[in-house]
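Residue numbers (the working numbering), protein chains in the order written: chain A, 9 to 179; chain B, 9 to 179; chain C, 9 to 179; chain D, 9 to 179.
Treat the hints with care, as some may be off.
Identical copies look the same in the list; a pair holds intra-copy or inter-copy alike.
Stated by the list, open to error - Only pairs whose alpha carbons sit at most 27 Å apart, straight line, appear in this in silico DSS-like list of lysine-lysine:
1) 25 with 92
2) 13 with 135
3) 39 with 24
4) 13 with 39
5) 13 with 106
6) 50 with 173
7) 137 with 14
8) 39 with 14
9) 92 with 173
10) 50 with 14
By construction, these hints were calculated from the structure, which means they are not laboratory data.
Number of protein chains: 4
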Amino acid sequence: MNIIKKDGSYSVRELKKASIKKLEERNVTVKDIAEIVYLIQKDYQDDLSFEVCEESVDAVLNKREALYAVLTGIELDILAEEDKLTEPLLSILKNDYKLYGVDEVLPFSIVNLYGSIGMSNFGYLDKTKPGVISVLDNSEGVNTFLDDIVAGIAAAAASRIAHRKEDDRNY
Amino acid sequence: MNIIKKDGSYSVRELKKASIKKLEERNVTVKDIAEIVYLIQKDYQDDLSFEVCEESVDAVLNKREALYAVLTGIELDILAEEDKLTEPLLSILKNDYKLYGVDEVLPFSIVNLYGSIGMSNFGYLDKTKPGVISVLDNSEGVNTFLDDIVAGIAAAAASRIAHRKEDDRNY
Amino acid sequence: MNIIKKDGSYSVRELKKASIKKLEERNVTVKDIAEIVYLIQKDYQDDLSFEVCEESVDAVLNKREALYAVLTGIELDILAEEDKLTEPLLSILKNDYKLYGVDEVLPFSIVNLYGSIGMSNFGYLDKTKPGVISVLDNSEGVNTFLDDIVAGIAAAAASRIAHRKEDDRNY
Amino acid sequence: MNIIKKDGSYSVRELKKASIKKLEERNVTVKDIAEIVYLIQKDYQDDLSFEVCEESVDAVLNKREALYAVLTGIELDILAEEDKLTEPLLSILKNDYKLYGVDEVLPFSIVNLYGSIGMSNFGYLDKTKPGVISVLDNSEGVNTFLDDIVAGIAAAAASRIAHRKEDDRNY
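With the rest of the complex left out, here is chain A (with noise of 0.2 Å):
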């Protein structure tokens, strides 16, 4: 970000290329996630192409409080993986400690911002781990956090093509 806004006042915009940044610095890219949403939706939707879930996934990242958990939970891995974070958290977040479950928590409010139908869809993926996220969960860094986050997003992206394909245009 060139613009330092001290009162916190990012606009969408400003906080999308910020995230979206954040994510291709840390291997993801909107592609990525968007495959994941091609992967779970398919299955209902015999029509459905790459571009509607890119386009769903690009929705998804217009929404400020889908964006402020990617910033967040990015930080608290980079700042893990550079040993600036204090015990015992350190090593809980190093070693993606199973029982920690913050991680499943942060992305809660965009698993649910299309609907409650993200829940299983998020719980799907966190358990199947396919695509990206799997790649992060076994990388060098550490992406306690971001692992979520992307199965976070593709269920929310999966859930408004649900709607969508419903003719609920206000999704």
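Chains B, C and D: place on chain A using the hints.
Showing chains B, C and D alone in chain A's frame:
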């Protein structure tokens, strides 16, 4: 509803029409809910008009999941009122038993449609019961679910206004 | 229930007895749910016994809010089955309409009783439908709520086992 | 913490000790939180003692997920205070930006540990900010997460008391 869709595939327009009718039969209007929105949001926005509050309630009632929650909650209230539920559920609903909790969970997907900032407003309304919420709470009939649903719709509508004030047009 | 408490003040013991009876009338036993717990938890714990899974399901069914969700969900299923709901809700429930979502929200308070790690298991079970969940999903009757409630109880019971394995005796 | 567990496998006892220490360094004691519990619960229970409120806060702090939320939230507050976060997150946290929302999501798993009735209390506390919550909100330092975490612990502790009053000893 004149048209019965045996496969359950009602459009948002049909669900909205049915929901507003049910709300009105239970003595709740869009204006009543808009008044609560105005009450909780006016301190944050000097130039807030009642029309914006009404429009925001209407926008929440374009969301499919909000409408499903409205229809389900009111149905349970009426069935309890008419003694058409079995025990122990019947007595629990008729008394709006404090620990029941399901009435607070049901509006959950409404509350989070515009982000998690809706949760504070929802809790606040559930405790302080302004306007029509208090009327429902003190009426003769069973409104165990409806008072929470009204609080949920108002909380979501207020969150939507807060987001749109920050130029988040996609909310 | 032989005893009707007109003020709704049923004890947990009474609610549990009523809930297990209703579950069995809908062909779901504690053993059925314990089997799902075993299935999702055995990969994390080599020495997991079926008895521990049964005990954990029983513990979830000592929680008041879990019991309220069981009783409310089954009541709605039965009312739909017997055509005792009004339209449009009746057709929506009879068809377990994909976007309904209220069935996924209702078990929410069960799922989170042992922490947010329950959410992943819940979503996973809702998508993969192992054991009795699949039986319910494919049966003649209406089990729109019950399959999600069973998934919620199993997810919570698995979370509880995961916590207790870490010597968290207060879970 | 004297002992560093590089695999993140801290016991609840260790996490609790670390969390209470961090809370005290941020000027929040168990007594401060118990005062809020007393405030919101005394109207429902004539014979409520302050000791019961203290004991209930202590019980919440035996829950692993509550402790993880405490440690994560305070860490973010301190990092913001010390200018150790990157923009735009830094300015957002330093200003407790109204639409941020992540601070309200983080305590979510605490709030729901004793059922969904905790949500109303949480929202109410977040809006009315009694006792130490107001002190935190008005202090010089950054307490963007901590005020919500204190509200979450108090809300959960109050829910636990409400349940135990009904002879639900397993809460």
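These are the hints, each one checked on the structure:
With identical chains, the CA atoms of residue 25 and residue 92 are at most 27 Å apart both within one copy (25 Å) and between copies (21 Å). Proximity of residue 13 to residue 135 under the C-alpha cut-off of 27 Å is restricted to the inter-copy arrangement: shortest distance 26 Å between copies versus 38 Å within a copy. Taking the shortest Cα distances, residue 39 and residue 24 sit within 27 Å of each other inside one copy (15 Å), while across copies they are farther apart (35 Å). Proximity of residue 13 to residue 39 under the C-alpha cut-off of 27 Å is found in neither arrangement, the shortest distances being 30 Å within a copy and 38 Å between copies.
Taking the shortest alpha-carbon separations for residue 13 and residue 106, only the inter-copy value of 15 Å comes in at or below 27 Å, while the best intra-copy value is 37 Å. Taking CA atoms no more than 27 Å apart as the test, residue 50 paired with residue 173 passes inside one copy only; the shortest distance there is 12 Å, against 36 Å between copies. Taking the closest pair of Cα atoms, residue 137 and residue 14 come within 27 Å of each other only across two copies (25 Å); inside a single copy the shortest separation is 38 Å, beyond that limit. Proximity of residue 39 to residue 14 under the C-alpha cut-off of 27 Å is found in neither arrangement, the shortest distances being 32 Å within a copy and 35 Å between copies.
Within a single copy, residue 92 and residue 173 get their C-alpha atoms no closer than 45 Å, and across copies no closer than 30 Å, so neither meets the 27 Å cut-off. Taking the shortest alpha-carbon separations for residue 50 and residue 14, only the inter-copy value of 25 Å comes in at or below 27 Å, while the best intra-copy value is 44 Å.
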